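Peer 1: Place chain B on chain A using the hints.
Next come the chains, spelled out residue by residue.
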Amino acid sequence: MTGETLAGAVFDAAVAPKVMQGIAHEEFDLVVREHQQRIYRVLLALLRDPDAAANLTQDCFVRAFESRKSFRGEASVGTWLVRIAVNLARDYQRSKRHGFWRGLFRSSNNDDSHDAMAMAADPQPTAERVVLAREKAAAVWAIVDRLSPQQREVFILRFAEEMPLEQIALALRLQLGTVKTHLSRALSAVRAQIKESERE
Amino acid sequence: MSSRSDDLNLDEQSRLALTDESVNDFISSFRQGVHEQAQRPNSFWTAQRVRIGERTLKPKHGSLGWAIGSVFATAAVAIALLLSGPATTNTPVAQKVDDDLLMREVVEATEGTLPDALAPATLLANEVDRGLETAVQSKGATR
Chain A
1 MTGETLAGAV FDAAVAPKVM QGIAHEEFDL VVREHQQRIY RVLLALLRDP
51 DAAANLTQDC FVRAFESRKS FRGEASVGTW LVRIAVNLAR DYQRSKRHGF
101 WRGLFRSSNN DDSHDAMAMA ADPQPTAERV VLAREKAAAV WAIVDRLSPQ
151 QREVFILRFA EEMPLEQIAL ALRLQLGTVK THLSRALSAV RAQIKESERE
Chain B
1 MSSRSDDLNL DEQSRLALTD ESVNDFISSF RQGVHEQAQR PNSFWTAQRV
51 RIGERTLKPK HGSLGWAIGS VFATAAVAIA LLLSGPATTN TPVAQKVDDD
101 LLMREVVEAT EGTLPDALAP ATLLANEVDR GLETAVQSKG ATR
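Keeping their order, the protein sequence lines are chains A and B.
Oh and the first sequence: position 198 is 198 in the numbering used here, straight run, nothing missing.
Oh and the second sequence: position 60 is 60 in the numbering used here, straight run, nothing missing.
Quick caveat, the hints were computed from the structure, so don't treat them as lab data.
A quick note: this is a predicted structure, and the numbers were derived from the prediction, not measured.
A virtual CB, placed ideally from N, CA and C, is assigned to each residue, including glycine.
Not one of these hints is a red herring.
Computed footprint of chain B on chain A, listed as stretches where at least three residues anywhere in the stretch have a Cβ under 8 Å from a Cβ of chain B: (1) 29–41; (2) 59–68; (3) 132–143; (4) 149–162.
Just chain B, same shape as in the assembly:
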């Protein structure tokens, strides 16, 4: 059946539908059934409106509200990490080696020879000591 003939026959078919008792009964039964099945208590409609209201209020991803929420969430996580107690630190190997070297240098500096910077003073002191010893010896010889 072509579309044009459908158009032409629609009025006739509608008229037939209205006059045909069976079809008319069918359509009214159908309409009644659809409406009765869709009947729900007021609480159902109210709950639907509440849910729709919640969903239309919910901020979308990328909105300012979402961004603020993300910042607060990040801050909360950071604070929680800080308050969870001192973190156990594992000393890195490189730092341990540096510490050992430093300690060795300190020991060498305190127990070893004098630094080069103090060498002239040491020489002077030695000369003074030697001069004093010579003076004492010569005094003893004259007595």
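Okay, chain A solo, but in the shape it has when bound:
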């Protein structure tokens, strides 16, 4: 199977199950190539720990490869991978519940992701702009952090990954109505937090 046919097939829900079940090791690399950035991004947003996100991205694809025969095509490969990633993130957070470091922006100032973000926003950032960008990012994450775990998952998949609600429901194994409920409550909480911070 060529890369082109596989790359096309993995997005076709009707063909994907057969393709995934019979996929060889070499061909699986194409699936990794196609989805690795998104999976890493979801895990980083959920965990806010670059090392953990990198490790769990690998775990996600290894687990997907090992259980590829159980893939039934009820969701797209991308949604299936997001489901595995979210489950891994939940397990990780459960194991790190005590003492888990949660504040990316409360960590050391040496984290280059902050600088990368500021640099991307402005090719020639002044020190003041970098500080402002950090403060804004910190404020955004502080609000997202206050959401419940399920609200945060739905919020990240909806607004960071722009996934349709139906796909979010499949990825999180929730009813569509439940996804809507979480999203509605998350938006209400965000709006309230923004108003509160504006008052301050």
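Peer 2: Then chain B, alone, in the frame of chain A:
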């Protein structure tokens, strides 16, 4: 707030989110921040793929490859033990006692009386010797 009212209000809230400048700004900042933080050089993605490839190639415990590997490892250990030189043997106590008994029997057999199996031959030889002596004595008497 009930789930039903949440469902009913979702469209309205989504519309509010889009029209509310602050919330809209918040969501776009959030999305931008998530994407920018997840940006990594190509070498990072390549290294990830290589590592995933290695891990998906690794044989599992219980597979044929693992079994073959175990056999080779066992054979290697056995060969190494054989090549490590002659082993120092500690003679067991029981074997030492047996050896002593055997040596004693050999000494007794060589130095002691003749075996019972040779007793008739000994008697015959003694009789011949006695007959010869008698013959010599009688010859001397007639002279």
